[in-house]
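Participant: Spelled out from the first residue to the last, the chains are:
There are 2 protein chains.
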Amino acid sequence: MTLLDTPTLLETLSRILRPEDLLQGDAVRARSAAWGWTGADGCQALAVARPRTTEQVAAVLRACHEQDQPVVTHGGVTGLVKGSVASTSELVLSLDRMTEIEEVDPLERAMTVQAGATLESVQQAARTAGFCYAVDLGARGQCTIGGNIATNAGGNNVIRWGMTRQQVLGLEAVLADGTVISDLSTMLKNNAGYDLKQLFIGTEGTLGVVTRAVLRMHTLPTSFNTALLALPDYASMHRVLRVAQQRLGADLAAFEVLWDDFYRLVTTPPAQGQPPLDQGFPLYVLVEAQGTSADRDGEIFRDAILHCMDEGLVADSVVAMSSNDRQRLWDLRDDVEQLARIAPFRTFDVSLPLRSTEEYVERVTRRIRSRWPEGHVVTFGHLGDGNIHFAIGVGEGGPKIVEAIEAAVYEPLADYGGSVSAEHGVGTEKQPYLHLTRDAAQIELMRTLKGALDPKNLLNPGRVLPPRLDRG
Amino acid sequence: MTLLDTPTLLETLSRILRPEDLLQGDAVRARSAAWGWTGADGCQALAVARPRTTEQVAAVLRACHEQDQPVVTHGGVTGLVKGSVASTSELVLSLDRMTEIEEVDPLERAMTVQAGATLESVQQAARTAGFCYAVDLGARGQCTIGGNIATNAGGNNVIRWGMTRQQVLGLEAVLADGTVISDLSTMLKNNAGYDLKQLFIGTEGTLGVVTRAVLRMHTLPTSFNTALLALPDYASMHRVLRVAQQRLGADLAAFEVLWDDFYRLVTTPPAQGQPPLDQGFPLYVLVEAQGTSADRDGEIFRDAILHCMDEGLVADSVVAMSSNDRQRLWDLRDDVEQLARIAPFRTFDVSLPLRSTEEYVERVTRRIRSRWPEGHVVTFGHLGDGNIHFAIGVGEGGPKIVEAIEAAVYEPLADYGGSVSAEHGVGTEKQPYLHLTRDAAQIELMRTLKGALDPKNLLNPGRVLPPRLDRG
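Going down the list, the protein sequences come from chains A and B.
Its first residue numbered 146, the first sequence is counted upward by one per residue in the numbering used here.
Its first residue numbered 146, the second sequence is counted upward by one per residue in the numbering used here.
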């Protein structure tokens, strides 16, 4: 090589990274491209870079910036909207070598972690120190904190603790040109200029690559009170939610709704779960309070449930009397594997105002059933947060069928000011429907941000923002 | 006027606004330019525009954009960092005609309000509906929700509810060119693309003008348990905080620290307050829990205090036994008017990690006293959030003296990763010190954002971001 030669990108990367940290060929193909459910094949990227430090991430991005190389960032690759599926012309930047819990600080109630740490390892480190990390979701063993931050992950306890955005005290991210933006502050309050970390939370890696974060730790609850309630109608559900909020106050930690169809699925063999309450009620609510006064919280919780029974809001109920009881109730909620019985199916994640839930769910169900009378619409969700999940199966079908199902779920949301993505993000999958939730001015402002921070459009290009119509 | 004439800005504005909504001359001078303490004279702006609708705000900004007219937005003009002081070449855009509480929605636990509504009116509307609005601060009667949002206001209950950022569900703002970005959603969860409202929260009106907001309402507490504790040292304070967090859990609503000097000031005549505990302890903590189980919360609270006493963490304590008792304790904390006794003085608002508080406060105090042996350093703060306020008086002095005091407070923060602004913002006053908290890359990224959203630099120009050094 003479001084006049420009080294290729891979040559440059091989000077930044150890040989085992730069994968090519079959080693790339052996890796997952996306979460199993989306059905994608192995990773197709031109290479996978696995930096071990923020400095290496910055050097990789600088090199890519110089050579106009698009980059797709990988955390745990558990996203549900195909954001991680890289093409053969894209480099995958994986954070899977940066998994360290760097510091756990009980006094400041904060932990500093690398972006590749799994959610479960973060939860465990907090627990070991006598605290809890507030976000929890099914993919905890694989999903990473960097991915949680990039997608503003939600999960089961949002009603109490908020989403991932609320857990981030400090953040370090690398911009498209390799600039490191590092604010690893542990402070709850910092109004010294713009709060730049907000740029990297929930923007799905399109504005920067999250490398490290300072996360809040909360007081570890010492009491868990859980019940499953059968409800006669939506109006009762709204009133039960109000009672739970008023009587359980800030301890209310979950208000998960299982529609009749979901409950039937997870309490009918071959599902392992026994029905703790009769099947056939329209709605079931799994309600949980997490408190810090173990000897008093149980009474407060049972009083609240009794009050709902007395008021005629609850048709039947079962209160967990042991941690095994509690686990059995949660196992019903979490037994999404039963959805395989309606395969092939697609899952959906939307949110809308509570008052419109009944009408909306009925509209979606009617629209699916009118076209596919044997179709399945299985409904469940974090309804305390206005968040509904559907699993919809109508038998085998090509892209046209998928499109028709998506339209049935997403289009009515526009009438209610709902969101086509409550917690899963946009990726590439939901782009065609983003306009139902965000108007042209909002999408244009997103583009302005993207253009300002990543003018060469190199970071997760084509994700989140749909292509401009006028460019075809 | 012929078709070739360009109307002046004021001519254009007079077509958009009613005559009484466009102030000029003495009517401008009669208005406040900034909060009394900052000592500024009346408003010097070239005119004051007082639109009544979002459409009028947009039309005014569009007109200003066409004519390169800088605009300074006014809410309640209670800021403490001189962001509202307009020059004779700047137009003031006041939101004081847009004060409506448009909707209070108990089911969604959300209220939609115009930006000019005062904090107090918002609190009152929430209470009337049986809820609470979570942010509270001394200026509640004058400060507006738009200003609270633009500055991400904090206050007394951040330890429980978070700052203003955490209260905003939906937001409407107008960009510099008049584009309206409207997302008046009531939903807790919405990951459909970038969360644009974050751009307008805490950016002090430099990226857009907030016109309306959807705010969260929380469960109205039914129990208030309050105590004042005298503490022997910082280590005890940290342990008391830990006990409070563990035993009061999510009900812990305030952990306000009064240093000896502050306590002495508010409990010595001419102050009205009697000392409920002896003067002379190094630190006093006002701790409060707000709960929803009135008949049980008192016992939990008193048990927690007793536990601290038993552990030797608390030298003396008084627990409020009535709402009058409670009010008397809060009156001590809120009696900042006693600071007039050390006038002239300057107030400061900083944050830093808890573990460094003792060393930092001692350094600041030593630095002031070494130069002004008779100087006063009065210290208090929301220490549960790491937030300290100082009032410092050294007698009369010119700009050089002010600069020396500021340096004494701000410079040591760099050693602890502290912030030169916990909750008051930057305005123009803290710009010289922003670099102590934000490095060059962060400040450059703030400039990138400002340039992208307001390329003509018309919205609150010169606020937040210090002038570039290389441009003099």
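Keep in mind the hints are simulated off the structure, nothing from the lab.
Watch out, some of these pointers could steer you wrong.
To be verified - Computed, partial: chain B to chain A, Cβ under 7 Å:
| hint | residue |
| --- | --- |
| 1 | Thr157 |
| 2 | Ala559 |
| 3 | Gly562 |
Unchecked claim - Output of the computed footprint for chain A on chain B, the stretches with three or more beta carbons under 8 Å from beta carbons of chain A:
| hint | segment |
| --- | --- |
| 4 | 386-396 |
| 5 | 475-489 |
No experiment lies behind these values; they were computed from the predicted model shown.
Where a beta carbon is used, it is the ideal one built from N, C-alpha and C, also for glycine.
Participant: Taking the hints in turn, state whether each one holds.
Facilitator: Status of the hints after comparison with the structure:
1. Thr157: 23 Å, violated
2. Ala559: 12 Å, violated
3. Gly562: 6 Å, holds
4. 386-396: It holds: at least three residues are needed, and the segment 386-396 of chain B offers 8 whose Cβ sits within less than 8 Å of chain A.
5. 475-489: Answer violated; 0 residues pass the 8 Å Cβ test.
Against the hints set out earlier in the document, violations occur for numbers 1, 2 and 5.
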